[in-house]
Each structure stands twice: as structure tokens, then as C-alpha cells.
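Assemble the complex: chain A is given as a structure, and chains B and C must be docked to it using the hints.
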Amino acid sequence: MNRLQEILQSVREETESLDFPGPRKWKQANPDGRCVGFFPVYCPVEILDAAGVLPVALFGGGEQIEVELADARVQSFICSISRSTLELGLTDRLDFMDGMLFGSLCDVARNLSGVWARNFPDTYCDYLHFPQNLASDQAMDFYVHDLKRLAGDMAQLSGKSWSDEDLALSLDRYESLRARLRKLQQIRCQEPWRLSLEEFYCLLRAAGRRKVEAYIPVLDEVISILEKRDCRPVDGIRVVLEGSFCEQPSLELIRSLDQAHCFVVESDLARGMCWFQEPIQRSDDPWLDLARAYFKHAEASVVRHRDPQERSQRLLQRVQDSGAEGVIFCTAKFCEPAFYDFVLHKRVLEQADVPYIAVEFEEKMSNFESIRTQAETFSESILFFGEEAMA
Amino acid sequence: MSQSYLHQGSGQKLQRKLLGDWYQNLQEAPQRGEKVAYLFISGNIGELLQACGFHLVYPEVNALQCGIKKVAGPNILSAEDLGYSGDVCGYVKNDIGLLTGGNQMPQGTVLPPPDLLVCNYAGCATYLRWFEALAEFYQAEMVVVDVPYLRGTDGPTAEEKAYVERQLRELVTVCERITGQEFDPEAYRQAVARSAQTEDLWVDILQSAKRKPSPIDAYFEAVFFMAPIYVMRGTEACLDYYRAVKEEIDERVQRGIGPLAREEVRILMEGPPAWPHFRRFWEMFKKWGAVSVASTYSKVGGVWDLGFRHDPDRPFESMAEYMLGCYTNRNWGMRSDMLKSYAEEYEADALVIHSVKSCRSFSVGQADLREQFIREYDIPTLFIESDLADPRYFAEAQMKNRIDAFFEALKHRRVTAQV
Amino acid sequence: MYAAGIDVGSTQTKCIVLDENRNICGRGLRMTGADVMKASRQVFEQACELAGIETHEVGYTIGTGYGRFRVATGDDQITEISCHAKGAVHLFPKTRTILDIGGQDTKAIRTNERGEVVDFCMNDKCAAGTGRFLAAAAEVMGMDVSEIGPASLQSTQKLKITNVCTVFVESEILNQLGRGKKREDILAGVHRSIAGRSASLLRRVGLDEELTFTGGVAKNPGMLDAVRTRTKLQVNASEDSQFMGALGAALFALERELAGANRQEVQS
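Sequences listed follow chains A, B and C, in order.
All residue numbers for the first sequence refer to this note's numbering, where the first residue is 23 and numbers rise by one.
All residue numbers for the second sequence refer to this note's numbering, where the first residue is 21 and numbers rise by one.
All residue numbers for the third sequence refer to this note's numbering, where the first residue is 144 and numbers rise by one.
These are calculated hints, taken from the structure and not from any lab test.
Keep in mind the model is a prediction, meaning the values are calculated, not measured.
Think of the CB as a built atom: it goes at the ideal place given N, C-alpha and C, for glycine as much as any other residue.
Pairs of lysine-lysine, DSS-like flavour, derived with a Cα cap of 25 Å:
| # | chain 1 | residue 1 | chain 2 | residue 2 |
| --- | --- | --- | --- | --- |
| 1 | B | Lys90 | B | Lys33 |
| 2 | A | Lys170 | B | Lys181 |
| 3 | C | Lys362 | C | Lys375 |
| 4 | A | Lys355 | A | Lys368 |
| 5 | A | Lys386 | C | Lys325 |
| 6 | A | Lys386 | C | Lys301 |
| 7 | C | Lys324 | A | Lys386 |
| 8 | B | Lys266 | B | Lys306 |
| 9 | B | Lys232 | B | Lys307 |
| 10 | A | Lys355 | C | Lys303 |
| 11 | C | Lys303 | A | Lys386 |
| 12 | B | Lys420 | B | Lys89 |
| 13 | B | Lys431 | C | Lys237 |
| 14 | B | Lys420 | B | Lys90 |
| 15 | A | Lys233 | A | Lys205 |
| 16 | B | Lys420 | B | Lys431 |
| 17 | B | Lys230 | B | Lys360 |
| 18 | B | Lys306 | B | Lys33 |
| 19 | B | Lys420 | C | Lys181 |
So the derived label-pair ranges between C-beta atoms look like this:
| # | chain 1 | residue 1 | chain 2 | residue 2 | range |
| --- | --- | --- | --- | --- | --- |
| 20 | A | Pro301 | B | Asp107 | 34 to 42 Å |
| 21 | C | Gly321 | A | Glu35 | 23 to 31 Å |
| 22 | C | Glu398 | B | Glu396 | 26 to 34 Å |
Next up, chain A with everything else stripped away, as it sits in the complex (with noise of 0.2 Å):
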């Protein structure tokens, strides 16, 4: 097996393994070390790690869980994602963690820390509340309050004092790992043959696994190998993927995407792990620099309110800008923010002429045909008017 072989064999199972390997191994190697979870979308993982705290992103328990205890805490309307988590929760999967925090991405997310803290009291376990009223001169402040609060709790889980260099320190690691997100982003969206889907998005989930110090050289192995890999182009449709935000389609969805050649050049998959735009801007304030870049480089996402435009704007101009020729909305099966996006992401598509199909999936899937047909229908309509328009 090559080098490149073993790194992506490794990062396939922390994404299919529902026993962490990534974080376990750390914590055996590090006894004092504590980990915490976040259920997505975004957390300020930064103020996790200065604290000497592994972030642990969790993403569900996609299609290897077998739930049984979570369906007696949740009605059958709820995701997948929520019934999963709670699953690995209460089949102590989660036994290495020391803590779990939620944010306010939607109301399912918000009510399951209650939830959480009531079945795991035990454990540290907070509600992280993003300010969804940014023009508002108050919100900074509160905002940075709320941040240093979470690092006081940080702090007393670690048993470790820490300074603001700590923090720069640790926005600086953050920095440079997603500029080799960045990076994989562009060489996935410049050949897509060079790096295939299913590689790029393990590559992007273990990002939230490993300790970033560890994962950036890892990472600069993977480019420098990709760089000179062997491939020759494949013909296909270069589309965008959109809804997949928090839970996660299966590899087996994603893999037949590509097979259906619908090259996802662009997409909002475990949009957490990249949440900013660009680099954020450095002053002497670290605890502002992270606020700031919350309130002004975040990516468009329908878990943060700004306008009610720009989402939509967004999504248009990432289209073009990757030179995409179609959007395929990929949504969690009762995920309501994603589906109330769609509807204003779809009457601007058709403004805009862009072609597009919705399909929906659930963690517990196992039948990809129809999905696949869409796809390569959705692909072959595409190429084929393409020729037309040719003629």
C-alpha cells in the first residue's frame, strides 16, 4: 500500500467507525487529555484547543448504527442525526468524552441539549447560542462574553490555565489547517478525477477527529502526493451540492454521485470543518478576531441569520464561481432548515437558468438506485442539452 492508500484507508474508518479511533488513540497517548463533542454545524473548536481539549466533531452515526434506545427519546419525525447521536451516547460510544456542546442551528439541535444533559448528567454538556442578530451594536459584546464563558468551563475541564496567546496560537493552527482544506477544495474543484469525492470529504471529516497540530503535515503529504498522481480526465457534469450541512449523506450516496458522473466541485458537506470564507483577520485581541470573523467570514449558512437574500446570492455566486452547470440539493430527510432554504435557493436557480434536482436521504439508507438514476439523468440532460445548445 502506498502512502497515499494508508492516509486515506485511515481517514475512511475515523469517518465510518463509530468508535473514534482517531480520538481514543489520542486520549490513551494523552491520560490527562479531555475531549469534548459538538454536534454540528459550527463551534469554536479554537477555544477548545487552547484549552489543551480535543474537539471532537460528531457527525451522526451514519449507516452502521443500529438504533434502539435512542427511538424510545425522540418522535419519528425527527432526523436521523439526533436519533443516532443520542444512540452513541447511550450505548457508551461516547464514554471517552468528557463534555458535549450544542449550538442554535435549529430547534431540534437546541431542545437535544436538554435532552443530552438530562440522560448523561454526568458530563459537562452546554447550549452555545450564535447571535442571529448581527447588525445589532450589542451582539459583539455578547458574543465575546459568551466565548470567554465557554473557555472558563474549558479551562476547569483541562485543569489547565491559559493565556490569550494561547489562543492566537490556536487560531493560528486553525488557520493553517483550513488553508489545506482550501487547498484539497481546489484541486477537488480543478480536476475532480485527481481527487475523488468520497476522498476529499474523509479527508474534511477527519479534520475534525485528529489534533490539528498533528493532522496539518498529514494533510501536506496529501497534496504534495496529489499533485503527481497518476489520472487522466473523465467526462462528467460539474454540479454543487447543497443541504448537507449537518447529518451527512453515507459514503455509498456519495460515491454514486461520482459513478453517475456528477463531479461535486462545490458543496456545503460537514460545513463546519471550513466555516470561514477567508483567513481570518489578526489584531491584538484574539477573543475579536474570532467574533469578528464569526460575524463578518462566515460562510452563507442557514444556521446563522444575516439577510435574507444573501444565502440565496451566495449559493448562486458559488455556482459560477466554480463553474459549476447544475445544483443538486441533497437533504436530510426532516431537516427543516435545509428544506425552507431550498425553496428561496430554488426560485433563484430558476432565474438564473441553473438546473437543479432535489433528492433526500436518510442515515439508515440502503438503496441508492433511485438516487443514482436522478443523478444520471440529471447529468446525461445536462450533457445532452449541452450539444444541442452546441449545434
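Chains B and C only, in chain A's frame:
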């Protein structure tokens, strides 16, 4: 009702008249050149917006009216034609369907379009998505008053209060720009003073249910009695209304009259009602002599019975506290404590949880409530599911079966316990 | 003195006739069909005939099940939830938890030693994981419902069926067959996943010894095995499992009749 009495039905009649006048006045607002703001019930800031010169539209109230008048189904289908999923909130879809069909309410009122959308975001991310959609469909300006979800059990922090209060003051500037009218602080202060008086009366009415038999059904009746304090709180008419309701309830108390001929079981209700089948839903409980003595849905517009009052001496600060303290802005532990205290104070025999698909901010966590009440508090608890807007989610035979089985068992155990 | 219970379910209608010593002396069973009144009358007549008595000798009749309000000869109605608890504790006195997988819903019931319902839970509106799903699975396989349980026990390979939605049963099974999976392995997967759903329902009321499995599906050995494996509990199932609701109703009827007779004696 077992016997007739002097003030019988006066609360209901007056409520209908008040709301009728309200809608009529609304319809005519644009002709008079007056501005209209849309806002939500939970943590609503009607007093403030009215002091800025706005007429108010509450899309949730429209949605529940459409539900009761049985037009929510068709409205929801029109929204689904636009691309809305079967799995999103029925209130939102009803509103969008209403809008695309010409915005005419079932009783005839044509709703004026918004000059301003005020998302007084309290405990519901769906509110944000709802008004974002309206902003797009109406091309109207939208402002958000961001209300952080409560953590722990100590109530809002100083920072949370400061954040909300500041936003309210900022909102005044936006309102002045849109209405071209200066904000009238004295009018606002007086409205807030009337609100506090109204809240006293409303709390008295709700707490009358501590008596045995309870003179009021604190769910099936309270959801009608509560409308004015949600929609037009702070007005003279609203204050007068609660004086009238209070008289009706006082008379019931004097005569020992309750909402049913015989009170057999005292229940707590959690969750919104099934509006599209309201009557049949109530009948299923009436049949067993079940009277609601306290409910959480009658608190969605404000939790006053736990002590909060608007304060004319601190009109902005107390408004911020009010918004933060909304029922659906309370975390699981706070909600559970509230229900527990109701069970004790109102001497309830059982808890009924009506879990609705549309409203996740209500429903996520209810299974844990159920478990806690049965296992830890030994209070019999019934869990039923349907919806507050979408008539398709009401399975009558199944619902009836569960309700019957629950009360049957409760009754049977009582009988054997006496032997 | 005789009493009867008639259980009108979504698929089958059942009747039990008891004598005054609570012995079962007659049973009746037929498909419910469109005419509920007729079905309930016929099972009643059938049970009386087997008991060797005239219909008028039955002093009290209670209807249960979805069609309970349309039982032709019923004196009163009680839900099948109360009746299953009553019947199960009568046959297995140590029963504390009951699982009833019916045609359109699955119920988990917690009971006390007197057979009174302490708590219960039912599946939500959709028919996922109920008897209807098993019937649909049998149909796709071209088998009789009675055959699928025994067939599933022949399984040698563990296979996961994730979707127990009745609407998707066909595509789910055809998809597995298309992948070259064996019939018995697919069926075992179907039984396991229904047992899994039932177990989460049971957890809501508490998984306490002993568990009694009632309803027609309890006669399916594959399901019994899957429920045992999943819950790791002693699971009781009676030959009369599909009559459990009717039995409970008949027990209630007998109690009423005895109480009535006592009252009359006192009065006279």
C-alpha cells in the same frame, strides 16, 4: 356546562367581537396610510410596535384560525406546490399558502402586506426561516430581535438581558424610519402599565383552576380566552376583556359550575392543540370527565403565573425579560420543573402530552418528560401525536383508542384502589 | 353463567366464551372484512356453538378492538389495551410487560399483578414495523404469512434490513434479492428489525420480567425468537395469543356479570 348562568359564554362572545374588530381595522389600515408590522406570538412586543404607530399582524394567529375554519389543508397543499417539504411546519406552509392565494382569511378579511417583518425570535429557529420566506415573497424589510435560549435554572443573565434590551432600542429607530412617526415613550409606558394589570387578571383566571371542581378548562377554554392578551395586550379593550372574563369565572366559582357537568379527572396538558379537529379532540377528553387544570400552551405568549409582570417603570428592561422567559425559550429542565409544580399546585391526576409534528421546539424532549413523570414522579402520563395545523396527521381512531385506554385504566385503578 | 369477549381487529375478529370459573369453553375466529357487525355476530355464534350453549345463555358481552363500538351483541366496550393486559396476566400471572404486534399497530403495555394497565405506548401513525409489514414482506416473497417465521429460522447469514416502512417493503426486499441475498436471511433480517422497533417501544414502558407476547404475530416462531434475542427476557406466548384481547374482554364481562348477580342477590 351543567347549568345556565348570568355571564355564560360572555368571554367567548366578547373574544369573537374583539378579534373581528381587530381584523376589520387591519384590513382598512393601508387605506388610511397606516403601517403594518408582522410579528410572532411568543415574546411579542405588541406594546412597543403600537407605540411606534404600527398595526399588527400575527401569522400564527391567522394559521390557527385557518386550522379551526378547516382551510389549513388546502393552504398547506398550495405551499407544498411551491416546493415546501411535507416535513416542515404546517403553520409556515399555511401562511405561505394563504399569501399565494390572495391573503384572504376564511372570515373574509384581506390581510394587508407587511411594511416591516419583526422576527421577535424567541425560542424558535423556524420563526427565522418563516420570516425570511415572507421577506422574499413580499420583498419586505425584516428585523430580528435575537433572544438567547435560556441555560441552567437561574433565568436570564445580565448579558442576555442587555443584548435583548439593546436590540429593542435599536428596533425603535427602524420603526421611526418606516412609519415616519416619532416613538411615543409615554404611550409605550402606559401600554406596559395596562399590560401588567391585564396580566394580574389573567393569572387570577388561570389560577382559579386550583379549585375543585375547576371553574375553567385551562387548556380547551384557555386557548380561546388567551387570544386578546397575546394579540392586543396593552390596550384598554384588552384590559376590559379580562375584567369580563374574570366576572364570568367568578360567577362559575360562586355557583360551583365547571366546564363539564362532572369533573372526574384533573389533567395537565403539554403541547399545542390539534386545531383542525379541535372539537373532536376536546370531545375525546370530555367523554371521560377530564378537565385540564393547567397547560403549557396557554403560556406560549407569556409565563406570568410564575411571577413575571411587565413593569411601566422599566418598560424596555421588563420587555426583554418577558421575551427571554417565554415557555418555548425555556430549556428542558425548566419546562419539566414547571410541569412538576403544576402537578402539585393544581392537584392533577395525570399528564397528557400532545406531541405535534410541526413544532419541534415544543416536541423534542417530550419523550423524556413522559418518562420522568411516570418513572420518577409516578404521575400517569399519556402520550399522543398529531399536528397543530396539518389535518393529515390526525388519525382519529388511533387517538381515540389511546385516550380511551388511558382513562379506562386510570378509572379502573381508582376503583380497585378504593376496595 | 357465561360471558363473552369479542375483539374486532383490523384483520381478524375473535371471540372467547368463558364459564363462571373462568375456563375457556368456546372460541370463534374469522376475517373482519367490510361488515364488522356481521363478523362479530358470526364469531359469537361460532364460539357459542363450540361451547355447546345457546347465545342467550351468555349474560354479558364486551367488545374490544378497533371495531368495538360496532359489536352487534356488545353490552359495553373496553379498549384492547386494557383487554390484552387482563388476558395476559390471567394466563401468565407473572406478566409485567406485554408486547402486542397487531395488524396496524404495535403496543407495549406495562401492567401490575392485577392485570391493570400502568403505562402503555404505541407506534406512531405509520405502520412501519407492525404485522402489516410482515404480511407485505410475505407477499413480496410469494409466501404465506405462516411460512415466513419458520423460514427465517433457517437463516445462516446475518443481514441488515434498515427500512421497515411498509411503503418501501417491496423495493427493500427486491433490492436485497437483487444483491443475491438468500430468502431466509432477508426474512431473518425483517424479523430482527421489527423486534428492534418493538424493543424500543418496550423500553419506553420499561422492560420488566416477565414479558408476554400477544396478538397473532406471537404465533410466528421467527418473531418469538427475534424478540427473545433482542430483549434477553423470558418471553411467554400462548397458543391462544391471537385471542388475548377477546379473552381479556370476556374476563371483564364475567366480572361485570358476577358483580351484577351479587347486587341482585343483595337486593332480593
